[in-house]
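Participant: Chains as they are written, first to last, in the UniProt record's numbering: chain Z, 1 to 349; chain S, 1 to 518.
No lab work stands behind these hints, which were simulated from the structure alone. Treat the hints with caution; some may be incorrect.
[As the list claims (entries may be wrong)] With a straight-line Cα cutoff of 35 Å, these simulated DSBU-like cross-link-like pairs (lysine-lysine) come out:
#, chain 1, residue 1, chain 2, residue 2
1, Z, Lys282, S, Lys396
2, Z, Lys334, S, Lys371
3, Z, Lys337, S, Lys70
4, Z, Lys234, S, Lys304
5, S, Lys273, Z, Lys132
6, Z, Lys210, S, Lys424
7, S, Lys247, Z, Lys282
8, S, Lys273, Z, Lys234
9, S, Lys330, Z, Lys132
10, S, Lys11, Z, Lys234
11, S, Lys11, Z, Lys132
12, Z, Lys343, S, Lys70
13, S, Lys304, Z, Lys210
14, S, Lys351, Z, Lys334
15, S, Lys11, Z, Lys337
16, S, Lys378, Z, Lys337
17, S, Lys351, Z, Lys337
18, S, Lys396, Z, Lys343
19, S, Lys396, Z, Lys337
20, Z, Lys9, S, Lys396
21, Z, Lys210, S, Lys70
22, Z, Lys9, S, Lys379
23, Z, Lys234, S, Lys70
24, Z, Lys210, S, Lys396
25, S, Lys304, Z, Lys132
26, Z, Lys210, S, Lys392
27, S, Lys247, Z, Lys9
28, S, Lys207, Z, Lys210
29, S, Lys378, Z, Lys343
30, Z, Lys9, S, Lys32
31, Z, Lys282, S, Lys392
32, S, Lys351, Z, Lys234
33, Z, Lys234, S, Lys379
[What the hints assert, rightly or not] Incomplete in silico selection of chain Z near chain S, CB under 10 Å:
#, residue
34, Glu214
35, Lys337
36, Thr338
Note that CB positions come from ideal geometry on N, CA and C, so glycine has one too.
Take a look at the letters that make up each chain.
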Amino acid sequence: MIKSAHFEKIRTLAVILIALLLTFLIIAIISDDPLRTILIFLVEPVSSVSHLGNVVEMAIPLMFTGLSVVLLFRTNLFNLGAEGLFYFAGIVASTIAIHWTLSGWLHPIVSILAGALTGALLSAIPGILKAKWNVNELVTSLMFNSILFGVGLYFLNYKLRDPQAFSNSSYKLQPTALLPNLIPGTRIHLGLILALLCIVAVHYYMYRTKWGYELRMTGSNRSFAEYSGINTTKVIITVHLIAGFLAGMGGSVEVLGMYTRFQWTSLPGYGLDGALVALLAKNNPLSVIGAALFLAYIRIGADQMARMSDVPAEMISIVQAVIILLISAEQFLKFWKTRMLLKEAGIRE
Amino acid sequence: MDQSPLLEMRKISKVYPNGVVANANVNFSLDKGEIHAIVGENGAGKSTLMKMIFGMEEPSEGEMVLDGRKVRFRSPQDAIDNGIGMVHQHFMLVPSLTVVDNMILGMEPTKGFNIHYKEAIRMTRELSARYNLAIDPLAKVEDLSVGMKQKVEILKVLIRGAHILILDEPTAVLTPQETEELFRQLLALKREGHTIVFISHKLKEVKVICDRITIMRGGRTEGVFETSAVSEQEISRLMVGRNVVLKYDKGDRPPGPSVLQVRNLSYINPERKPVLQDIGFTIREGEIVGIAGVEGNGQAELVKALTGSLSGAEGEVAVGGETILGRTIKEIRQLGVSYIPEDRMRQGAAKDASISDNLISMFYRMKEWNKGLLLNRKKIAGFSEAQIDRYKIRAKGPEQPIGMLSGGNMQKVVVARECEAGPKLLIAEQPTRGVDVGAAQLIHQRLLEMRADGCAILLLSADLNEILEVSDSLLVMYNGQFVAYYPDVKQVTEERLGFAMLGIERQSDAEVRRAIHD
Numbered sequence: 001m002i003k004s005a006h007f008e009k010i011r012t013l014a015v016i017l018i019a020l021l022l023t024f025l026i027i028a029i030i031s032d033d034p035l036r037t038i039l040i041f042l043v044e045p046v047s048s049v050s051h052l053g054n055v056v057e058m059a060i061p062l063m064f065t066g067l068s069v070v071l072l073f074r075t076n077l078f079n080l081g082a083e084g085l086f087y088f089a090g091i092v093a094s095t096i097a098i099h100w101t102l103s104g105w106l107h108p109i110v111s112i113l114a115g116a117l118t119g120a121l122l123s124a125i126p127g128i129l130k131a132k133w134n135v136n137e138l139v140t141s142l143m144f145n146s147i148l149f150g151v152g153l154y155f156l157n158y159k160l161r162d163p164q165a166f167s168n169s170s171y172k173l174q175p176t177a178l179l180p181n182l183i184p185g186t187r188i189h190l191g192l193i194l195a196l197l198c199i200v201a202v203h204y205y206m207y208r209t210k211w212g213y214e215l216r217m218t219g220s221n222r223s224f225a226e227y228s229g230i231n232t233t234k235v236i237i238t239v240h241l242i243a244g245f246l247a248g249m250g251g252s253v254e255v256l257g258m259y260t261r262f263q264w265t266s267l268p269g270y271g272l273d274g275a276l277v278a279l280l281a282k283n284n285p286l287s288v289i290g291a292a293l294f295l296a297y298i299r300i301g302a303d304q305m306a307r308m309s310d311v312p313a314e315m316i317s318i319v320q321a322v323i324i325l326l327i328s329a330e331q332f333l334k335f336w337k338t339r340m341l342l343k344e345a346g347i348r349e
Numbered sequence: 001m002d003q004s005p006l007l008e009m010r011k012i013s014k015v016y017p018n019g020v021v022a023n024a025n026v027n028f029s030l031d032k033g034e035i036h037a038i039v040g041e042n043g044a045g046k047s048t049l050m051k052m053i054f055g056m057e058e059p060s061e062g063e064m065v066l067d068g069r070k071v072r073f074r075s076p077q078d079a080i081d082n083g084i085g086m087v088h089q090h091f092m093l094v095p096s097l098t099v100v101d102n103m104i105l106g107m108e109p110t111k112g113f114n115i116h117y118k119e120a121i122r123m124t125r126e127l128s129a130r131y132n133l134a135i136d137p138l139a140k141v142e143d144l145s146v147g148m149k150q151k152v153e154i155l156k157v158l159i160r161g162a163h164i165l166i167l168d169e170p171t172a173v174l175t176p177q178e179t180e181e182l183f184r185q186l187l188a189l190k191r192e193g194h195t196i197v198f199i200s201h202k203l204k205e206v207k208v209i210c211d212r213i214t215i216m217r218g219g220r221t222e223g224v225f226e227t228s229a230v231s232e233q234e235i236s237r238l239m240v241g242r243n244v245v246l247k248y249d250k251g252d253r254p255p256g257p258s259v260l261q262v263r264n265l266s267y268i269n270p271e272r273k274p275v276l277q278d279i280g281f282t283i284r285e286g287e288i289v290g291i292a293g294v295e296g297n298g299q300a301e302l303v304k305a306l307t308g309s310l311s312g313a314e315g316e317v318a319v320g321g322e323t324i325l326g327r328t329i330k331e332i333r334q335l336g337v338s339y340i341p342e343d344r345m346r347q348g349a350a351k352d353a354s355i356s357d358n359l360i361s362m363f364y365r366m367k368e369w370n371k372g373l374l375l376n377r378k379k380i381a382g383f384s385e386a387q388i389d390r391y392k393i394r395a396k397g398p399e400q401p402i403g404m405l406s407g408g409n410m411q412k413v414v415v416a417r418e419c420e421a422g423p424k425l426l427i428a429e430q431p432t433r434g435v436d437v438g439a440a441q442l443i444h445q446r447l448l449e450m451r452a453d454g455c456a457i458l459l460l461s462a463d464l465n466e467i468l469e470v471s472d473s474l475l476v477m478y479n480g481q482f483v484a485y486y487p488d489v490k491q492v493t494e495e496r497l498g499f500a501m502l503g504i505e506r507q508s509d510a511e512v513r514r515a516i517h518d
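Using the sequences and the hints, build the whole thing.
Facilitator: This is the structure we're talking about:
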């Protein structure tokens, strides 16, 4: 018998299944050769080492931003600022990677730390506004995304841009600053290890330390936290600092691990995807790994499908929208849970 | 009489998404023109059953038959359309509007595009005369006393054409005098042919006014009785499954040196209203001081001042000689102050968090509870198991979210946490409100143990029975002042207390000042 305690997991799986079925349905309608297209979508991402590599590469930034958002959501802060921080930290890390000269192992460390710290400090602004004056963090963080993007683009155009380059991209990052490759034949870089370390660290922080306890209580019921003597102002600011640090680290790692020049002329979208990862992970740090990999998998599948068949990659947005909708819909499958509960209570045979 | 029942609930079950089975195969039937009591411990499923009758919740299984017709209510509006009305425990009124505005809300008589106020006032007057519920239709609800507000609630239900009235713990906030008046009105309604469902914890009241009693326990019905056929003892045994002693043998304990000293405490709220006026009293080691009073006479603000969540209070408040006004909640708690808050859902617990997490909020900062950077999980688990055991908390285990527990069990978690911290001063605000007899008894016993160990306890309660049984001495608060002090609670009758609470009688300043000891 399926226990009601596992209901949330089952529900998430059911949502994913429905989303995939819907994907197949859409493909069946658009494609001239639906079976082949579906097969490409499902199998291509895992068909070769290099494609598998693509999935993992894409999952790395998603893990960073997903983890950042998990911390915020868990504290009941609906902050979507990871997007702007990710972008701006990339600019800061690139600046150091281009203009500073440091020895081989120190260069990436300094660049990443600079990006991460920038993220933390910038993230503290909506944090302080929220904690001290109860300014809605969703509004401030979204506005900050625009501000950070505008300022970042200015830096790219006027300070970092290489006039010799064909597109609007920066000077070359110095080779000393780039992150080493982990697995030959793919572009998986050291950032993966860093991301996994951060996830484990956040897991321990959240569930096993007194600071994590304060975070969870503040998120669950701020009045209770205050009544217990927890300084929730401090907790909210701290969480913003850590979340900003992680988002900033993600941006820096992504630039140094995947590119030789900084070339984002629009927001890359990883921050908002982080919110989707957090949603799939049910705000659980360890589950971020699976959620990020899954999202990367369907993205790469969609990319391959666009390349090899007649269905465009944008189709995947529909799938994502369905996932978000169903996961946020609290009533979805509730009748089923009610039935399980009645059975467990022995009222219904 | 072999008339068929007016309303019948057959094999009703209700399970909430968090896994709480509130009702399991409940049967309930209501005859026309009776006053029918539903009694039961908290978490017995009374409120849930009523919410289903009133359309606020839908049953997971089972059927409902009204006047021989099968019905299904999807919203309170459906219930109202079928002549069912509910007076909630917490009033559902708009305080800033007048009585008549509240009465007609959602069913305004109109004249052209405007509300026909003259008609509305006429309707209100007529109804209040007919049922002898005297009320000024043009008074603002916020200016009314609790008893008056309740009358408005009842009228509101009647004006919507209800002939079945559900009253959820209607006497919880009333003084004895107001309760008597309510009973007279309920009997008048009964004579007019209305049917009343009366939910209560107070068995005495049930005996006085009700015709039949349905007893619920653990989400099931334990039986239906003619009121005259059962004694209070029998009812309470069926409710909790054992005999309940409502009297405590406290034993004499001479009070020790003073722990809490309050002097000249005053507070003027942002609306410039003096809410606390020159409050002064002392609580000594091993002494339980009760504060009685109708809600909204400054008790809430007094507690806030003592627990560090009221800014702008003036005067002297000291715990163990250390002044606490202007200190943070954390600092005050570290001085040895525990606080059982009135509203456990809002302040006392984090409902998605586990029982464990809710138990350690007083301790998690301390060195002994941490191992290096990490919390000491073994110690936390051991402590939680021990408290679940000691306080007889009905739960699957320490990791179960506290929100899945019934009100009484949740309250036990709060009490366990606050008492096990070993405080010098314990502030207990309505510690057994909405809690069943069994849990209330356990909580009272624990308070008395704490008293024996030398803890100073401040008890605030709207339940006069509780305050008279548990306290050593008693203060009465009215309009932000102490109006009476009884050094020995045994000398006080409920009636005298009622007069003091309503501000009809007051002692001289000198008499009240006896509450300050040195």
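Participant: Decide, hint by hint, whether the structure agrees.
Facilitator: Here is how each hint holds up against the structure:
no.: 1; hint: Z/Lys282 to S/Lys396; in the structure: holds, 23 Å
no.: 2; hint: Z/Lys334 to S/Lys371; in the structure: violated, 41 Å
no.: 3; hint: Z/Lys337 to S/Lys70; in the structure: holds, 26 Å
no.: 4; hint: Z/Lys234 to S/Lys304; in the structure: holds, 22 Å
no.: 5; hint: S/Lys273 to Z/Lys132; in the structure: holds, 27 Å
no.: 6; hint: Z/Lys210 to S/Lys424; in the structure: holds, 25 Å
no.: 7; hint: S/Lys247 to Z/Lys282; in the structure: violated, 50 Å
no.: 8; hint: S/Lys273 to Z/Lys234; in the structure: holds, 33 Å
no.: 9; hint: S/Lys330 to Z/Lys132; in the structure: holds, 18 Å
no.: 10; hint: S/Lys11 to Z/Lys234; in the structure: violated, 52 Å
no.: 11; hint: S/Lys11 to Z/Lys132; in the structure: violated, 52 Å
no.: 12; hint: Z/Lys343 to S/Lys70; in the structure: holds, 25 Å
no.: 13; hint: S/Lys304 to Z/Lys210; in the structure: holds, 26 Å
no.: 14; hint: S/Lys351 to Z/Lys334; in the structure: holds, 20 Å
no.: 15; hint: S/Lys11 to Z/Lys337; in the structure: holds, 20 Å
no.: 16; hint: S/Lys378 to Z/Lys337; in the structure: holds, 33 Å
no.: 17; hint: S/Lys351 to Z/Lys337; in the structure: holds, 20 Å
no.: 18; hint: S/Lys396 to Z/Lys343; in the structure: holds, 17 Å
no.: 19; hint: S/Lys396 to Z/Lys337; in the structure: holds, 19 Å
no.: 20; hint: Z/Lys9 to S/Lys396; in the structure: holds, 20 Å
no.: 21; hint: Z/Lys210 to S/Lys70; in the structure: violated, 55 Å
no.: 22; hint: Z/Lys9 to S/Lys379; in the structure: holds, 30 Å
no.: 23; hint: Z/Lys234 to S/Lys70; in the structure: violated, 56 Å
no.: 24; hint: Z/Lys210 to S/Lys396; in the structure: holds, 25 Å
no.: 25; hint: S/Lys304 to Z/Lys132; in the structure: holds, 21 Å
no.: 26; hint: Z/Lys210 to S/Lys392; in the structure: holds, 27 Å
no.: 27; hint: S/Lys247 to Z/Lys9; in the structure: violated, 50 Å
no.: 28; hint: S/Lys207 to Z/Lys210; in the structure: violated, 51 Å
no.: 29; hint: S/Lys378 to Z/Lys343; in the structure: holds, 34 Å
no.: 30; hint: Z/Lys9 to S/Lys32; in the structure: violated, 49 Å
no.: 31; hint: Z/Lys282 to S/Lys392; in the structure: holds, 32 Å
no.: 32; hint: S/Lys351 to Z/Lys234; in the structure: holds, 22 Å
no.: 33; hint: Z/Lys234 to S/Lys379; in the structure: holds, 27 Å
no.: 34; hint: Glu214; in the structure: holds, 8 Å
no.: 35; hint: Lys337; in the structure: holds, 6 Å
no.: 36; hint: Thr338; in the structure: holds, 5 Å
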